[in-house]
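In this note's numbering, the protein residues as written are 1 to 191.
These are computed hints drawn from the structure, not numbers from a lab.
Treat the hints with caution; some may be incorrect.
What the hints assert, rightly or not - Listed next, the in silico BS3-like pairs over lysine-lysine satisfying Cα-Cα at most 25 Å (straight line): (1) K51 <-> K131; (2) K26 <-> K39; (3) K51 <-> K39.
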Amino acid sequence: MVASGADGKQEVGCESCHGPGSVHSKAGGGAGSIVNPGKSPATCFQCHLDKRGEFSLPHTHPVLAGHMTCADCHDPHRGPVVRDGGASLASLNDTCIRCHAQQGGPYVFEHEAAREGCVVCHLPHGSPNAKMLRTRNQNLCLQCHFQQQTAPGVILIGGRDHSSSLARGTCWSAGCHEAVHGSHVNSSLRF
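Could you build all of it, start to finish, from the sequences and the hints given here?
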């Protein structure tokens, strides 16, 4: 059951997620006769088919394995359904940090992307890339940290020569920028 609200947005009726009210009524009321969609993502996937596909990617939050549910991150009874607040980045990050506290800092040298939001680098449901990254390897870093070739064999990133570093691997696999969320030791580790 879907209805239009006063603001013109689509609103979902209780029965769409919790099952027919008649079943609840015939059972004499009580919570036991109401479908609890928080126990299974199948109810959410009835409408959010695109999200079901994201959980089929190689790297995901363990929703389909039953180790968490959609309701762990989303509040289905509130607007844009980000747990503990609206869709602002602060509340979105707070949602992620509840489980990923180690990445939340605070750090002496904080990676600016962390302030912009977890979803700048990570996909929230699933990804073909390890750590649920939006893109692979240094391609992700180079979306913000621009690469510039100033002469043959000279590649600048962030104004520094990275030519020899790039031959050793990606930004973090080369052992240079391992603390991508932030660092207490060195400002260059955070990028």
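Checked hints:
| no. | hint | verdict |
| --- | --- | --- |
| 1 | K51 <-> K131 | holds, 18 Å |
| 2 | K26 <-> K39 | holds, 23 Å |
| 3 | K51 <-> K39 | holds, 17 Å |
The structure shown violates none of the earlier numbered hints.
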